[in-house]
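Undergrad: Please model the complete structure; the sequences and the hints are all you need to start from.
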Amino acid sequence: MSSNSQSRIPIISGNWKMNHNHFDAIQFVQKLSYLLTKDDYNSVEVTIHPPFTDIRSVQTLIDVDEVRIGLGAQHCHWEEKGAFTGEVSASFLGKLNVRYVICGHSERRELFGQTDEDVNRLIVSIVKSGMTPIVCVGETLTERETGRTTSGMTPIVCVGETLTERETGRTTAKVMGQVSAALQGRTPEQVAQMIIAYEPIWAIGTGRTATAGDAQAVVGAIRSQILESFGERAAMNVRLQYGGSVKASNIVEIMSQPDIDGVLVGGASLDPAEFARIIQYRLR
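Position 52 (the sequence shown) corresponds to 81 in my numbering; numbering is contiguous.
Incorrect hints may have been included.
To be verified - Straight-line Cα separation of at most 25 Å, DMTMM-like style, residue types lysine to aspartate or glutamate; simulated pairs:
#, residue 1, residue 2
1, Lys67, Glu108
2, Lys203, Glu139
3, Lys46, Asp92
4, Lys276, Glu108
5, Lys46, Glu218
6, Lys67, Glu282
7, Lys124, Glu139
Because the hints were derived from the structure by calculation, they are not lab data. Quick caveat, the model's predicted, so the values are computed rather than measured.
TA: What follows is the structure in structure tokens.
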């Protein structure tokens, strides 16, 4: 299924990961807001996802200065409260005016063992707390040629050392399985309001980017699956992002694809000038 993305507002999200303390975060938002114009905000929705320690500082700045940037978080726990040392609940984030929460990011899956079932529980909690989940799906690393498995975050160690699910032809089955598990139990109305980010692990932080055609093929398949499972309204309204070494030099080609409604940006979102150039892709 291919769709006309004109009816969906593009969304550009910056995932800072474990970068920027709260002083850096304040300076970043001030610089970014200076670089963006009213027309930028009217044509593209912008979200930033700082570490937990920055959220209150960023929220205060956004509210006081009326900055039109959506505040997001990178993670939360599915329980509302309890003996979960080091975790933060969705309801806590909602009280800080957080609007978007990333869930199922490849680093949470690979480094911290987050499962498809965990992601589903997170979506329930995020939606219950009045926020929008950004649900990440994508190929993971599979067997080494020796038959041993790896959970390392470097997709290609050397030629022939690791194989990705993409290279073994299992991209569609893996991604669609993650989508199906994440959306199980959701209503068409809920799915229509979600954001799903396709992020092939082999393209995250490696400098390698899926071609625009590669990304469109998978993202288009996700929309087709949603059409089949949840109906036309959900399929035409859900926003689908691409994530993986996105930068100013490739954003125009990525965003030219009919089913790609935005990007989830990692390293390039740490520099306000570079991130602004990505947001302003329509001007090029």
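Undergrad: All hints, please: hold or fail.
TA: Hints, verified against the model:
1. Taking the CA atoms of Lys67 and Glu108, the gap is near 38 Å; set against the 25 Å cutoff, the hint is violated.
2. Annotation: proposed proximity of Lys203 to Glu139 holds, straight-line Cα distance about 14 Å (limit 25 Å).
3. The suggested pairing of Lys46 with Asp92 holds, with an alpha-carbon distance near 23 Å, which does not exceed 25 Å.
4. Distance check on the hinted pair: Lys276 and Glu108 sit about 35 Å apart at the alpha-carbon level, beyond 25 Å; violated.
5. Taking the CA atoms of Lys46 and Glu218, the gap is about 30 Å. The hint is violated against a cut of 25 Å.
6. For the proposed pair Lys67 and Glu282, the alpha carbon gap of about 24 Å is at most 25 Å, so the pair holds.
7. Distance restraint check for Lys124 and Glu139: the Cα-Cα separation of roughly 29 Å exceeds the 25 Å cut-off, and the hinted pair is therefore not satisfied.
The structure shown violates the earlier hints numbered 1, 4, 5, 7.
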